[in-house]
Amino acid sequence: MSSTEENSVKSHVAIDRFFDGELMPLASRLRASEPGLFLTTVDPSAESYYIKRTKRTMSKADFEVAGCVDGAEFARRLAVHWNGCGCQSLALSIGKIADAVRVEEHDSADVSPFVYVMF
Amino acid sequence: MSTIILGISAFYHDSAAALVRDGEIVAAAQEERFSRKKHDPRFPINAINYCLEEAFIEAVDLDAIVFYDNPVATFDRVLRNALSVGPAAREQFQKAASAVLGHKIWLDSHVKRALGTLGKAGRVLVAEHHMTHAASAFFPSPFESAAILTMDGVGEWATTSLGAGKDNSIELFSEIHYPHSLGLLYSAITSYCGFKVNSGEYKLMGLAPYGEPKYADLIMEKLIDVRPDGSYRLHTENFGYLDGMSMTNERFHAVFGGPPRQPESRISRREMDIAASVQAVTEEVVLRTASHLRKETGERNLVMAGGVALNCVANGKLEAAKIFDHVWIQPAAGDAGGALGAALMGYHVYEGKPRAAPVAGRDRQKGSLLGPRYPSNEVRAYLDRNRLPYQRIVDTDERMKVVAKAISEGRIIGWCCGRMEFGPRALGARSILGDPRNKDTQSVMNLKIKYRESFRPFAPSVLAERTSEYFQIDCDSPYMLLVAPVRTERCLPMDMVKFRGGDDDMLSVINQPRSDLPAITHVDYSARIQSVTKEDNQDYYALIKAFEDLTGCGLVVNTSFNVRGEPIVCTPKDAYRCFMRTEMDLLVLEDCLVWRKDQPKFDDDENWRASYELD
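First to last, the protein sequences are chains A and B. Just so we're aligned: the first sequence equals residues 1 to 119 in the numbering used here. Just so we're aligned: the second sequence equals residues 120 to 734 in the numbering used here.
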């Protein structure tokens, strides 16, 4: 097994562990408290399905959110993004996964046939 | 002191780079053209290097580097999707999390490693995905203010955004969010009909005129609910992309009464009718949305971007409906164009720099000829080094006469002249050309040159001043983004009895001449028009003019210079290789004419039919 394949296996293990150990338990809890995390159904009584944006323009500060040096920084960004919502508790673990799955060279030119949803 | 901004799109599909100096678009190119890998999603190092070369600058000179998508917001969607779906989302989450966490969030690191610097800003800036689409549509447009409509598969959360642009500001006020997406509906049906998602949508659009919209009501009932203002939601339980690794699921298949068509298998009446149906639904959504947007903004002008804006049939209907006085569509409407939008957002919104007043009627897209050019000396160096015979004709008029004569004699021409196009359409810089009057041109070009399905039509490049003589359209279409009817008096009656009677054989229709321009007239008597002006492309205009002088016909057939599944050619070497792999007769590389009959035996070092995956 090459080092790339080994890393890939390690990544999958880390993500699977997170999926089973944290994400799905949270999903169960949220399903009870927040039924319908998505608006997945049609509503024949709705006049419009448009969602009004609360923030209509981008400020200078909005551009300056990138530049993660490590997983901990990404975790902090997620925690801010999820401030007050149930996902916030996941941020730390996701930061650790990010460090584990980080790939230095993007060497695959393959595009998934499932491009829209994967990323 | 100039302000120079680099825009990047990457790690999704169609990676690209664009460079803007003082608000002027200096260069833009898609990575696939250099790497020769269709839809290449990798960090666009080759495209970036080209942009820097074109601007004669080093990376340290960049005032800012702007990425076209916010990775935090994208990951938020990925995670919430899994939370919503539950255990069935495992495989999808694993792949999506690996992709975002493995690559996309480490932008600074990717840029620093590739360029050795983060530019003067010292960090990579991030713009919202649909903001970059909006910027790519509004800032290069010829309008001082305009309504903005962006529609795609998904970017972060948004799938459709409505807004307005004025001077140097962009405002988006309404959205439709994932999982509801017109782009994903179109892609799901593309997949169901046996074509590849993200590249086969164009085929579905080309197939639609063969069918009847018999399933349109069913789609409106079972797959999408559209409100009078154009807003919509999908019946997501009938789609596969929320909880699986395919666009459709068994319930989706049941809607159409059977399994999906297998890729490369025979296309049946059912696929033709489904294609016609989703096309009709798409047009309905676009028209309703545009009407709503006109009322909301009061604007007379509309600009559009996002992958759905490449649906030139819907665009043509929108233009003809005159909901807006003028419509301008970004030619690189897909994600590659996000790089351009990111650069323009960086300049006008982040830096707060003003937008120059539009020059009457002219956009700032420069004909979308924003890629590399290989001048005559470089072409000759390549040909001489490889001992390839060629005829050099320096005088432009004389050269155009020779090429025009070859076209008029039924020859197929590979044309690689000037700066390469930015966007998926060939606009007369990397094009294959033929005679539109010849009834054999369509089948020869499809089967012997492009090696693609015979049902797919070709587009005309027409002298702008003669457009209305051939087509029922009253505006320019410089980027081949509008479909319009061929003038009635040019059309010929077709015998559709057998086909309409249930015979699925499209060849019985394809092989009938449909007008006095059979090669560019689709089966519904429409054409996908490119109007050509001297200002946008002097050489290409001169060629069509020479063809007109010789034949009286002011247009040529124009299709992209590639074979099926291959990125459009970029360099003279790419062009020569593609030329020799096909049955083209003449290759024009700037002022050098390369005749097939003079060429030595071509030893192909690559099994290109295997290399270029079918779409």
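Derived by calculation from the structure, the hints in this document are not laboratory data. Where is the CB? At the ideal position from N, CA and C, for every residue including glycine. There could be a bad hint or two in this list.
Restraint ranges, calculated between C-beta atoms of paired labels, are given here [as the list claims (entries may be wrong)]: (1) 143/B / 99/A: 39 to 45 Å; (2) 44/A / 172/B: 55 to 61 Å; (3) 59/A / 175/B: 31 to 37 Å; (4) 44/A / 624/B: 52 to 58 Å; (5) 233/B / 99/A: 17 to 23 Å.
No farther apart than 25 Å at their CA atoms in a straight line, the calculated lysine to any residue pairs in the SDA-like style are these [unchecked claim]: (6) 55/A / 287/B; (7) 10/A / 177/B; (8) 60/A / 511/B; (9) 52/A / 290/B; (10) 214/B / 88/A; (11) 664/B / 525/B; (12) 333/B / 615/B; (13) 558/B / 479/B; (14) 472/B / 88/A; (15) 341/B / 207/B; (16) 441/B / 88/A; (17) 341/B / 46/A; (18) 239/B / 65/A; (19) 333/B / 644/B; (20) 10/A / 644/B; (21) 720/B / 511/B; (22) 341/B / 45/A; (23) 524/B / 495/B.
Is the Cα-Cα distance between residue 472/B and residue 88/A 25 Å or less? violated, 37 Å
Are residue 59/A and residue 175/B spaced within 31 to 37 Å by their CB atoms? holds, 33 Å
Could one say that the CB atoms of residue 233/B and residue 99/A fall in the range 17 to 23 Å? holds, 21 Å
Is residue 55/A within 25 Å of residue 287/B, Cα to Cα? holds, 17 Å
Holds or violated: residue 214/B with residue 88/A, Cα cutoff 25 Å? With a Cα-Cα distance of about 22 Å, the restraint between residue 214/B and residue 88/A holds, given a limit of 25 Å.
Starting from residue 60/A, check that the Cα of residue 511/B is at most 25 Å away, please. Violated: residue 60/A and residue 511/B sit about 53 Å apart, past 25 Å.
Is 39 to 45 Å right for how far apart the beta carbons of residue 143/B and residue 99/A are? holds, 41 Å
Tell me if the beta carbons of residue 44/A and residue 624/B are separated by a distance inside 52 to 58 Å. violated, 42 Å
Starting from residue 524/B, check that the Cα of residue 495/B is at most 25 Å away, please. Satisfied, since the Cα-Cα distance of roughly 22 Å is no more than 25 Å.
Hinted pair, alpha-carbon criterion (25 Å max): residue 341/B, residue 207/B. Please report holds or violated. holds, 23 Å
Does the structure keep residue 558/B and residue 479/B at a Cα separation of 25 Å or less? At roughly 40 Å apart (the allowed maximum being 25 Å), residue 479/B and residue 558/B break the hint.
Is residue 341/B within 25 Å of residue 45/A, Cα to Cα? holds, 17 Å
This entry does not satisfy hints 4, 7, 8, 13, 14, 16 and 20, going by the numbered hints stated previously.
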